[in-house]
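Asker: One letter stands for each residue in the lines below.
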Amino acid sequence: MNSKLTISIAKALLLARWKQTLVAAVGVTFSITMFIALLSFMAGLNDLLDGLVLNRTAHIRLYNEIQANKNQPVNKSPLYKDNYNFIKSVKPTNARLQIYNSGAIIRTLKKDTRVLGIAPKIMTPVFFNEIAINVAAVVNGIDVKNETKLFYFNDYLIEGASDDIEKISNSIILGKGLANQLSANVGDRVQVSNTNGEIFQLKVVGLYQTGIQELDKTQSYTSIATVQKLMGVPNTYITDIQLKLKKIPEAPAIAKEFTKLFEIDAIDIQTANAQFETGSFIRTLISYAVGVVLLVVAGFGIYNILNMMIYEKMDTIAILKATGFSGKDVQTIFLLIAISIGLIGGLVGLLLGFGLSAIIDQIPFKTASLPTIKTYPISYKLMFYLIGAVFSLITTFFAGWFPARKASKVDPVVIIRGK
Amino acid sequence: MSENILQAKNINKSFNDPIKVKVLTDINIAINKGEFVALTGKSGCGKSTLLYILSTMDTDYQGELLIDNVSMVHKRESELAKVRNEKIGFVFQFHYLLDEFTVLKNVMLPGLKLGKFSEKEVENCAIEKLKILDIDKLAMKKANQLSGGEKQRVAIARALINNPDIIMGDEPTGNLDKKNSDIVFDLFNKLSDELNQTLLIVTHDLSFADRMHRIIEMEDGKIILL
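Those protein sequence lines, which keep their order, are chains A and B. The first sequence begins at 1 in our numbering and counts up by one. The second sequence begins at 1001 in our numbering and counts up by one.
Please note that a few of the clues may not be correct.
[Unchecked claim] Label pairs and their computed distance ranges (CB to CB):
hint: 1; chain 1: A; residue 1: Val26; chain 2: B; residue 2: Asp1186; range: 14 to 24 Å
hint: 2; chain 1: A; residue 1: Asp361; chain 2: B; residue 2: Ser1078; range: 25 to 35 Å
hint: 3; chain 1: A; residue 1: Arg17; chain 2: B; residue 2: Glu1194; range: 50 to 60 Å
hint: 4; chain 1: B; residue 1: Ser1043; chain 2: A; residue 2: Ser3; range: 35 to 45 Å
hint: 5; chain 1: B; residue 1: Lys1022; chain 2: A; residue 2: Ala289; range: 55 to 65 Å
hint: 6; chain 1: A; residue 1: Val390; chain 2: B; residue 2: Lys1137; range: 33 to 43 Å
hint: 7; chain 1: A; residue 1: Lys406; chain 2: B; residue 2: Asp1134; range: 35 to 45 Å
hint: 8; chain 1: B; residue 1: Ser1043; chain 2: A; residue 2: Val410; range: 18 to 28 Å
hint: 9; chain 1: B; residue 1: Asn1028; chain 2: A; residue 2: Met308; range: 37 to 47 Å
These aren't lab readings, by the way, just hints derived from the structure by calculation. Computed from a predicted model, the values in this text were never measured in an experiment. Every residue gets a Cβ at the ideal spot worked out from N, C-alpha and C, and that includes glycine.
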């Protein structure tokens, strides 16, 4: 078959009734635009919600739990080895929150290829003294560089600079709620007493807000060295090692492995945030369901428009067949028409979808929980655009293929006599 | 006896919807090269149905059809399309031009499909055919800008483009006024006389039929006069 002739006929049929062609193409465009914009928006919101938890949470946290020793002497004694020993009222002793040999553990973890990053941390309860009242709170000693890289610390900082806690000695960043309680602002000094009652003066260099009131009222951040000074402990003292992994689903297995390897407690994000896991799963499920429904509805729309268009051209099919064009030629011509509409309509749809997403991205959206977010979130995933492009081509192909195949099989006289 | 171009042997056809009605019974026809044949009969006698079978556009029948001594039974759809393209030129009652194209392109399409000649050659050939039919000045007009008579002449030019063995017409003047009908019939006469073109024309207008070489008359699905 002469492909040049087929293409020229398809082109002429497309252009001769350009209004009808335009309507069909606009149908495709509209569907794809809506698909891209809605899915990008939903994915953006989803990422935002996931980020609320994921950004702030370690995938695995290594620490020492205060608990009774599992290896009680009676169980170790060979004398009572074959007995079943009941021990009542076992109490924890020598509760040491320090991670032993933290330097070696960190060195081992740094070599582990599954680990994305490590941030050591110290936590200690303190009192903030304000004239007559004491406010109970927690001081977190953090490694600013890693904390910022792994847990987006700067995103939650509403005043001041995070570097200052390491540059300025005896400085602190207060949670917004805590600062309000103490009527403290950046530049003020606050008085802190440790668990042993010793008093320290710290300078406020920043304010911090997560949006979770409970945290903002009780948390404060400073450098690891400052906390070690507060507690009167050596500079190897660390209570937490926070890990981010390359693949989150591996967290529970790796946590178990580390528990054994380092003889330490390890908790993974899935266990620590079971309700988040469920929420995230359901949100993902909803966006997939909406995506599929959008595609199905769009698919039927495209199919209908093209079907109508081809049935309107039945006369043309009859003439072509009567003058010697075979069913296959007719089918090729109409497939070309359908796919050109899908290609052009789909392409414009992708562009408009991107445009609409960009517009949504500019709409103001202020939320207390994320001070750095100023507009509605949009996810610009290439995957959505690929799905949109492939989908518009496939639906138009079938929308052209079925009626064209049917038309190609009937005797031309059936169409002519039907007039 | 001269060469057979079209031969129908024992052709039968029934419509099954809604009840079985026999429309053609034992049709036997042979048409020779150069003949100018009229197929006549009253409305509903099956003459158009027969013509569509003879033109291979209807494959739902029993019996045998030979075109240029080749059987058309058991041929595949694409092969029949090729036969229609090469050997048959068809003129419908309604002109059936493609409104999307110019007159020239309409005439050229079957030639381009045949693919034996270059586009330029087909174009020259199409202009030549339009000249024979005295409508070469309309070549660049769109098909939907023509009058009914002009359209029918374009349809005849299209039927001629591949120099077919036979031209078939299904009441080609049925939709035209007297003046245009005369023009079209004069053209058929001219083609028959000057180019020795074989023609098979369905008509119920006996005044035209009388001017042809041979009349085949049908009644109730049977041939009553050969």
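Asker: For every hint, state whether the structure bears it out.
Answerer: Hints, one by one, checked against the model:
At about 50 Å, the beta-carbon gap between valine 26 of chain A and aspartate 1186 of chain B misses the expected band of 14 to 24 Å. Separated by about 54 Å at the C-beta atoms, aspartate 361 of chain A and serine 1078 of chain B break the suggested range of 25 to 35 Å. A beta carbon spacing of about 40 Å between arginine 17 of chain A and glutamate 1194 of chain B contradicts the range 50 to 60 Å that was offered as a hint. About 44 Å separates the C-beta atoms of serine 1043 of chain B and serine 3 of chain A, a value consistent with the hinted range of 35 to 45 Å.
A hinted range of 55 to 65 Å for the beta carbons of lysine 1022 of chain B and alanine 289 of chain A is consistent with their spacing of about 58 Å. Between valine 390 of chain A and lysine 1137 of chain B the beta carbons are some 51 Å apart, a value that contradicts the proposed interval 33 to 43 Å. Evaluation of the 35 to 45 Å hint for lysine 406 of chain A and aspartate 1134 of chain B yields a pass: the beta carbon distance comes to about 41 Å. Range check, serine 1043 of chain B to valine 410 of chain A: about 25 Å between beta-carbon atoms, so the 18 to 28 Å window is met.
Taking the beta carbon of each, asparagine 1028 of chain B and methionine 308 of chain A are about 45 Å apart, inside 37 to 47 Å as hinted.
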